[in-house]
Structures are given as C-alpha cells and as structure tokens.
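Protein chains: 2
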Amino acid sequence: MAQRAGVPLSAVKYYQREGLLPAGARSAPNQVAYGEEHVRRVRLVRALLETGGLSVAATKDVIAALDAEAAPLARTFQVAQHAMGARRVQESAPSGAARARVEALAAARGWCVTSDNPGFEAAARALDGLRSIGFDPPQEYLDAYAAAAGTAAAADLQALSGRGERDAVAELMVVGTVLGDPLFAGLRRLAQQDATRDAFPAPARGGRR
Amino acid sequence: MAQRAGVPLSAVKYYQREGLLPAGARSAPNQVAYGEEHVRRVRLVRALLETGGLSVAATKDVIAALDAEAAPLARTFQVAQHAMGARRVQESAPSGAARARVEALAAARGWCVTSDNPGFEAAARALDGLRSIGFDPPQEYLDAYAAAAGTAAAADLQALSGRGERDAVAELMVVGTVLGDPLFAGLRRLAQQDATRDAFPAPARGGRR
Chain S
9 MAQRAGVPLS AVKYYQREGL LPAGARSAPN QVAYGEEHVR RVRLVRALLE
59 TGGLSVAATK DVIAALDAEA APLARTFQVA QHAMGARRVQ ESAPSGAARA
109 RVEALAAARG WCVTSDNPGF EAAARALDGL RSIGFDPPQE YLDAYAAAAG
159 TAAAADLQAL SGRGERDAVA ELMVVGTVLG DPLFAGLRRL AQQDATRDAF
209 PAPARGGRR
Chain F
9 MAQRAGVPLS AVKYYQREGL LPAGARSAPN QVAYGEEHVR RVRLVRALLE
59 TGGLSVAATK DVIAALDAEA APLARTFQVA QHAMGARRVQ ESAPSGAARA
109 RVEALAAARG WCVTSDNPGF EAAARALDGL RSIGFDPPQE YLDAYAAAAG
159 TAAAADLQAL SGRGERDAVA ELMVVGTVLG DPLFAGLRRL AQQDATRDAF
209 PAPARGGRR
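Residue numbers (my numbering), protein chains in the order written: chain S, 9 to 217; chain F, 9 to 217.
It is worth saying that the hints were derived from the structure and are not from the lab. Treat the hints with care, since some could be wrong.
[To be verified] Short derived list, chain S residues pointing at chain F, Cβ under 8 angstroms: (1) 82; (2) 127; (3) 128; (4) 131; (5) 143; (6) 161; (7) 169; (8) 185; (9) 199; (10) 200; (11) 207.
[Said to hold, decoys possible] Over the 10 angstroms line for every Cβ pair with chain S, so calculated as not near, a few chain F residues: (12) 17; (13) 21; (14) 26; (15) 27; (16) 39; (17) 72; (18) 76; (19) 108.
[Stated by the list, open to error] If you anchor each label on the Cβ, the simulated ranges turn out as follows: (20) F:151 - S:120: 24 to 30 angstroms; (21) S:104 - F:83: 35 to 41 angstroms; (22) S:18 - F:36: 54 to 60 angstroms; (23) F:116 - S:63: 34 to 40 angstroms; (24) F:162 - S:17: 41 to 47 angstroms; (25) S:44 - F:115: 34 to 40 angstroms; (26) S:17 - F:39: 57 to 63 angstroms; (27) S:171 - F:30: 49 to 55 angstroms; (28) S:76 - F:169: 45 to 51 angstroms; (29) F:100 - S:147: 38 to 44 angstroms; (30) S:19 - F:39: 52 to 58 angstroms.
Note that CB positions come from ideal geometry on N, CA and C, so glycine has one too.
Make a model of the complete structure from these sequences and hints.
The following block contains the structure:
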C-alpha cells in the first residue's frame, strides 16, 4: 500500500501508530488488505502532516471532520480551519486594537464571517508583530493584503466547484486551505525578489549599481 | 529592559541563553546597562521567533544578516528569505514537474528571480501536495495565486520605501516577510468563510437553507 500511495513504508507505519489510518481488513493471518480508500487516506495524511506541517493532533481533527459524513461541508471546513489555527497553541492572544483593525478590514470588504473564525487571531497577531518593530501598517497595506486574500479565496472556491463527489470536495477543502498558504508564501518570495531588485539593486559584478 | 520591550523577563533570559541578544554594558558589579538598541532587538527576536514561528537557528541567521552592516539590502533580504525557507528542513525536494510549473508561472509574469530563491521549492512542494490528493491545479488557479502574491509583494515594497533609516528598512524586510504569511493566511480564512457561505450554506437554525 505504501508503494501504491508513493509514501515510504516507515511513514505509513508511523501514521498507523499515531492512529491516523483506518485498520485494513485482515485477509490472512499475516496479511492485511488495503483498498483504494486506504491509499487515498495515506496521501491525505501525508499532505496535511508533512507538506502542510500540521501537528498529529490537528491532522486527527481534520480527518475526523472529513469522516463525519453527515456533517454539512461548511462545518467540515470550519473544523479544518480551526485545526489549522491550533498549529501553534502556545501563542498569546493578539491585542484588542489589532483584532478590531482586522474586524474593520473584513467589514469594509463586506465579508460575512463569524467571530470565531481563526483568521481574526492569526491576522491580528501578525499586525501586533509588525507594530512591535515600529511598523503600524497603513490602510493601503492592509487593503492590498485583503485584496490578495480575496483573489486567492475566490480561486479556492472555484477549484472546489469543479469537484463533483462530496469526499473529493471535502478533501480539497482542507488540503487546499493548508497548502494554499505555502503556495502563496512561495510565490510572494519570488514576486518580492523581483520587486526588490528594482528598489534595492544588488551590487553588480561589473560595477554597475 | 524586558519591561521596556513589553516582553516577559523569562523570554529575554531565554533569548540571551540562546545567543540571540548582544551583551549589555556592565555598569556596576551586579548591573548591566541596556540601551534602546537592545530593547529594539528584543522586540525583533520576539516577532521572528514567536509571532513568526522561526526556529532559533533561523532567527540567528536573520539577525546575523541584519548585523552585517556592509551588506547591501538585497543581500540581507536573500539571507532572510533563505532562513525562513529553512524552517522545515526535513522536507523532501519537490518533483521536477512541479518546480518547472512554478518556473513557468514566474516567467509568464516576467519576474526576474534567481534559481536559488526558496519560493520555488515552497510553491512546488505545495503543488505536489495538491496533486497527491488528485487536484492538479488548473492554470487559472495558479494565475490567481500569482496575482495575489504580486499584489502583496508590491505592498511590501511600498511599505519599505516609507522607512528612511537603513536598519529600519532591513528590519521591516525580514519581519514583513515572515509576518506577511500569517497576515495573508488569516485574511484568506476570512475571505474563504465568506465565499464558502454562498457555495456551501450551513443548515440554518431556523430551518432555512
């Protein structure tokens, strides 16, 4: 099964030990049969845990949400979002001022969101961090980030609409939410280097600045 | 000093033990004097290490880059980007196909970047993760993310241009790079909830769907 999923055997054993995989059907005393569903689950766990960097506990929560077949997809999504928010639990709460600023930003864009959306805390904490080094982001900075987030979220939803089956939609919801972050972060590094080149030219070898 | 920086004393002691802070000037047998520069450094370390989630080693690299006064800012930026890329070192290399796709995306946008930009690996790895669950992102999905990244990077550079002093620019470069990720991620969670609400309505309490 590890081979079929394209995942090292040691990783599959680890997932099993951590209770992240359903048991296979025992087909012979020394053999366990795994179906396509198992292979798919192994790939999902790998995407969340290794590529996405979720903790084992958060991955468990996300999988439980996916397995709650009766739950509406909006609920699956919420659980997944919270599991991801819990990635760094030791963090202190953001300041009230930063939180209020993110709330105002969401309201200005007409986003209809619940106050327990973990995005409020994540964004507010980032604002606190920027303020701590003396950078109080101007409104146009926040507007640009909010516009970027809106563009990405629209693409996320567009991608979901192309997946017919409920399980496939739910899987893409959670993996897309987790992996959209590093996808954006990677592309931002590239765009930054391009923009920085003009603003802060590196000393050219030929002496040109 | 901890009080002036707004950071718990235990945290300052930890930073000192880890070699993240310069030594203060010994002003009396039992007393060490810390200047404004120390306070500022404590805030910076906190922003990178706690809000940004960098490792101690990566934080050290970033600080060393900041302290290399003679280095051009573009170089400081590169070191900082790499330090952040090293956050999860155990990750395997992305597939050649995914890397080629990110390269094509950057080329299509006319981004002038070096092949060692860590953004290539981060974005390519995310693409591999998405493919592993059967989602091969269509071009419009990648274009949307690249556009979002371009918008954010332009705002980043705009913010830098407002900071006069070299140290302040360099600080914002690294902290902005680190904290722009969770800022965007938080805002994307909010935008997603708004978009999801229309596409996958949660069952309303009053029975309305």
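For this session: Find the hints from earlier in the document that the structure breaks and name them by number, from lowest to highest.
Result: none
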